[in-house]
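As you go down the protein sequences, you meet chains A and B in turn. Residues 1 to 326 in this note's numbering are what the first sequence spells out, letter by letter. Residues 1 to 78 in this note's numbering are what the second sequence spells out, letter by letter.
I should point out that these hints are in silico values taken from the structure, not numbers from a laboratory. Accuracy of the hints is not assured; some may be wrong.
Straight-line alpha carbon distances no greater than 30 Å define the calculated DSS-like cross-link-like pairs of lysine-lysine that follow [claimed, not checked]:
#, chain 1, residue 1, chain 2, residue 2
1, B, Lys16, B, Lys44
2, B, Lys44, A, Lys207
3, B, Lys44, A, Lys83
4, B, Lys50, B, Lys16
5, A, Lys98, B, Lys44
6, A, Lys109, A, Lys207
7, B, Lys50, A, Lys199
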Amino acid sequence: MASEIEVKAPGLATTVQDLGRPGFYHLGIPLSGAMDRLALVAANLLVGNPPDAAGLEAVFMGPELVFGRDATVAVCGADLPPKVDGEAVPTWESFAVKAGQTLSFGYLKTGARAYIAISGGIDVPVVLGSRSTYPLGGLGGHEGRALAAGDRLALGDAGASPAGRSVPEGLRRGPGGSPVEIRMLPGLYWHRITETAGKRFFKETWKVAPEADRIGYRFRGGTPLDFVPREQPFGAGSDPSNIVDACYPYGSIQVPGGTEPIVLHRDAVSGGGYMMVGTVISADMDLIGQLQPHTPVRFVETDMEGALAARHERAAIVNQIREHLA
Amino acid sequence: MAQEILSPLPGTFYRKPAPDQPPYKNDGDAVEAGDVIGLIEVMKSFHEVKAEVAGTLQEFLVENEEAVMAGQPLATLA
Numbered sequence: 001m002a003s004e005i006e007v008k009a010p011g012l013a014t015t016v017q018d019l020g021r022p023g024f025y026h027l028g029i030p031l032s033g034a035m036d037r038l039a040l041v042a043a044n045l046l047v048g049n050p051p052d053a054a055g056l057e058a059v060f061m062g063p064e065l066v067f068g069r070d071a072t073v074a075v076c077g078a079d080l081p082p083k084v085d086g087e088a089v090p091t092w093e094s095f096a097v098k099a100g101q102t103l104s105f106g107y108l109k110t111g112a113r114a115y116i117a118i119s120g121g122i123d124v125p126v127v128l129g130s131r132s133t134y135p136l137g138g139l140g141g142h143e144g145r146a147l148a149a150g151d152r153l154a155l156g157d158a159g160a161s162p163a164g165r166s167v168p169e170g171l172r173r174g175p176g177g178s179p180v181e182i183r184m185l186p187g188l189y190w191h192r193i194t195e196t197a198g199k200r201f202f203k204e205t206w207k208v209a210p211e212a213d214r215i216g217y218r219f220r221g222g223t224p225l226d227f228v229p230r231e232q233p234f235g236a237g238s239d240p241s242n243i244v245d246a247c248y249p250y251g252s253i254q255v256p257g258g259t260e261p262i263v264l265h266r267d268a269v270s271g272g273g274y275m276m277v278g279t280v281i282s283a284d285m286d287l288i289g290q291l292q293p294h295t296p297v298r299f300v301e302t303d304m305e306g307a308l309a310a311r312h313e314r315a316a317i318v319n320q321i322r323e324h325l326a
Numbered sequence: 001m002a003q004e005i006l007s008p009l010p011g012t013f014y015r016k017p018a019p020d021q022p023p024y025k026n027d028g029d030a031v032e033a034g035d036v037i038g039l040i041e042v043m044k045s046f047h048e049v050k051a052e053v054a055g056t057l058q059e060f061l062v063e064n065e066e067a068v069m070a071g072q073p074l075a076t077l078a
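Looking at chain A on its own, in the form it has when it is part of the complex:
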């Protein structure tokens, strides 16, 4: 049988993703790639792939895949229970799927996005250095879009990859606690809001809006921001949340109209005219990718030192996973 998998049912919005397409944001082409990069790396390492191999990102609902060849598979990230021919298999652990068998999923338990790595990786064409799908731009992945029933995905050549290897529980990083704490650096437009509004922004609990997606994670439930009065500069819109068009960093928190903060994620636009109250630290972007609608969240202020320490901690977890599976 062919070295491919067939999509019997696509799930909600399953896309091919690797670690992304950096270097083109200045042209308006976003990073794309896995929303929870640590989970994709872990899944790839479990099946003997390079950490940046392309896998599938399934959000909220899993696909149904029929395998054309034997493969080792791992599912990391959200607790979306995998099944091989109807038999439950664990997450964060490599398992064997034989040619002709079907991989399907039960109901989502925790988290939002499951990463499915298959030994050999998904072999779609590399576009601008990445196999990641950017559906809004019709770029990369499988035909630039989410998977549909009947799609066939080619698999790359796989090396030896034993089943039954697992990531220790302590290294399965995901959002914990309630509310989930998301760390951020205030700036560049923090000065636009009043001191009271700034304090309240951190104190209040926000909830993930159902609209949250790969482009941006929207939050609601907190008090609208009060702005410091000013005469809007030339080039800025008339709303106090408008600025003269500027670049939007990955992770930046824009607040259109001062009402609902949106954290820009992997498929975000690269610039525009909304003020940003700050930027979520890189280490916590994975966690945002695992938030379900209505999850309570608090934004926690940190500084550059705290952000860099968190980045090192996250990198250390990836290293420990790598060493454990070496």
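Assemble chain B onto chain A, guided by the hints.
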């Protein structure tokens, strides 16, 4: 024997196709397999929740516009 209709997705549950329209189903209504009983809103789109088997809709277990979790029972069928 009563059967539950489960939500396939996390999101917001709606019992009506639009705010100014009547609910898809009411308690006690007959349901055919494949009938839509409500919508789940998530990621800027609405997904129909369908009954898998025919029966009588006994009771809705969640309110209109309530937050639901994947796998959560939405209604019972008898």
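For each hint, the structure was consulted:
1. B:Lys16 with B:Lys44: holds (17 Å)
2. B:Lys44 with A:Lys207: holds (16 Å)
3. B:Lys44 with A:Lys83: Given that 30 Å is the threshold and the Cα spacing comes to 29 Å, the pair holds.
4. B:Lys50 with B:Lys16: holds (13 Å)
5. A:Lys98 with B:Lys44: violated (37 Å)
6. A:Lys109 with A:Lys207: The given pair, whose Cα atoms are some 18 Å apart, holds under the 30 Å limit.
7. B:Lys50 with A:Lys199: Between lysine 50 (chain B) and lysine 199 (chain A) the Cα gap is close to 45 Å, so the pair fails against 30 Å, i.e. violated.
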